[in-house]
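*Asks:* As a plain string of letters, each chain reads:
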Amino acid sequence: MNKIDKILKRIQNYFKEVKVKEFMSSPVISIHMDRKLSCAKEMLRLKRFSGMPVINDEERLVGIISVEDIIRAVENKNLDSKVFEEMSKDVVTLDEEDKITDVVRNFEVYGFGRFPVVDKEKHVIGIVTKHDLMTALLSKLSILYVHDVRREPFVATENFRSSLTGINIENEVAEFKFYIDYKDISMAGSGASKLKKFLLSKGFPPKFVKRVAVATYEAEANVVIHSGAFGVIKAYVEPYYVTVRVEDNGKGIEDVKVAMQEGFSTAPDYVREIGFGAGMGLPNMKKCSDKLMILSEPKKGVIVEMNFWRREDENI
Amino acid sequence: MKISELESFGFECLVPAEGEVFHGYVGDLLSEVMAHAESESVWLTVQSHVNIVAVAVVTGIKAIILCGGCKYDSETLKKAKEEKIALFRTKMNSFKSAGKLYQIGLR
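Chains as they are written, first to last, in the working numbering: chain A, 1 to 316; chain B, 1001 to 1107.
In case anyone wonders, no lab produced these hints; they're calculated from the structure. Treat the hints with care, since some could be wrong.
Computed cross-link-like contacts, BS3-like style, restricted to lysine-lysine with a CA-CA straight-line distance of at most 30 angstroms [what the hints assert, rightly or not]:
(1) A:K207 / B:K1100
(2) B:K1078 / A:K77
(3) A:K234 / B:K1078
(4) A:K183 / B:K1078
(5) A:K251 / A:K299
(6) A:K234 / B:K1084
(7) A:K177 / B:K1002
(8) B:K1081 / A:K207
(9) B:K1071 / A:K194
(10) A:K89 / A:K77
(11) A:K194 / B:K1002
(12) B:K1081 / A:K202
(13) A:K183 / B:K1002
(14) A:K202 / B:K1078
(15) A:K16 / A:K41
(16) A:K47 / A:K21
(17) B:K1078 / A:K207
(18) B:K1078 / A:K197
(19) B:K1002 / A:K207
(20) B:K1081 / A:K197
(21) A:K194 / A:K89
(22) A:K202 / B:K1002
(23) B:K1100 / A:K194
(24) B:K1081 / A:K234
(25) A:K194 / B:K1081
(26) A:K183 / B:K1084
(27) A:K47 / A:K286
(28) A:K257 / A:K300
(29) A:K47 / A:K77
(30) B:K1071 / A:K177
(31) A:K130 / A:K300
For reference, chain A alone in the conformation it holds in the complex:
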């Protein structure tokens, strides 16, 4: 069982009632059965799909064409044949009312990469891949938020894996470390100010450093205002790349997705009076960083990890 399967298995119990229609991808790009295989190949390549449903004149599902089918056709030099000649005909479909547990079981039993969702007339109304499943589970679980400017479209699963294992980070020694004192709001921003000076001293350009500093200030202020616990800022520095990790052991975030919304804030009045609590902290962090990952559950603290790449116009 690979890593994704293990994670899925562990968390699916919490979401037994989630239905396919809540997380399937739709509309679906399908291909007509009479098209040539070379056409299917191009579509898969352009869309970066690993497979897609095949439909007939009535737009009903008749099969699935996958990358494996294409490879087989290439080997046999059959790319001029029609899609229906090479497609897999024994398709396992889902109903939009099916539960998430059915889907997980399907993935286990059949080992297919995707399951089309059809209505009673066999029209394809959606499709479910492991990516869809993961994204659905994560958003329900509300423990993770990932924002990546480079790979927005297909980032969720990839980063979930790499960030949870966290190998690239955990084994390194932080070059910058600052302990956040949550009891004193007047200290909020001290860590970010120090980090700014540290990065400038390392020769990073001011424009870049400003982004890092502003994002770090926001994360630091969040620890002071919300966590009710001590926190730490760590920075890992590479010539063209800075990673900032802000961790605390405090209250955690109830729902990261909601917290990401601009204007959403749970800040108490006394901090609002001194200019905090506008609900702009997380959106600001997202804006300033190139990649932002937030991992949190109620009572389990928050880990914010931000990556910053030096952009070309920032090298002065």
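Starting from the known structure of chain A, arrange chain B on it as the hints suggest.
*Replies:* Only chain B this time, still in chain A's reference frame:
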């Protein structure tokens, strides 16, 4: 313009600092200021709490003008000296102060 010149336009200087400012920003929400203020700015606000100094440091704001006759906390004055952020104050409100600075060339 030089930070020290601000005094001649009726802004009372409490903590002087070297350097120049070219831009200005008005705001009392710290996140909003950090998100939008340019580096080398003068910042008009009614927030007097010590956190404004850290906001200035991370944002690259060189001078803060406390408007509407508000008073700085003593901690703020101390911190600003340490961080070399200039502090001014004025009885004028933020709107009028901004108008004045715009008139003398800040953008």
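*Asks:* Quick check: which numbered hints come out false for this structure?
*Replies:* 2, 7, 13, 15, 21, 23, 30
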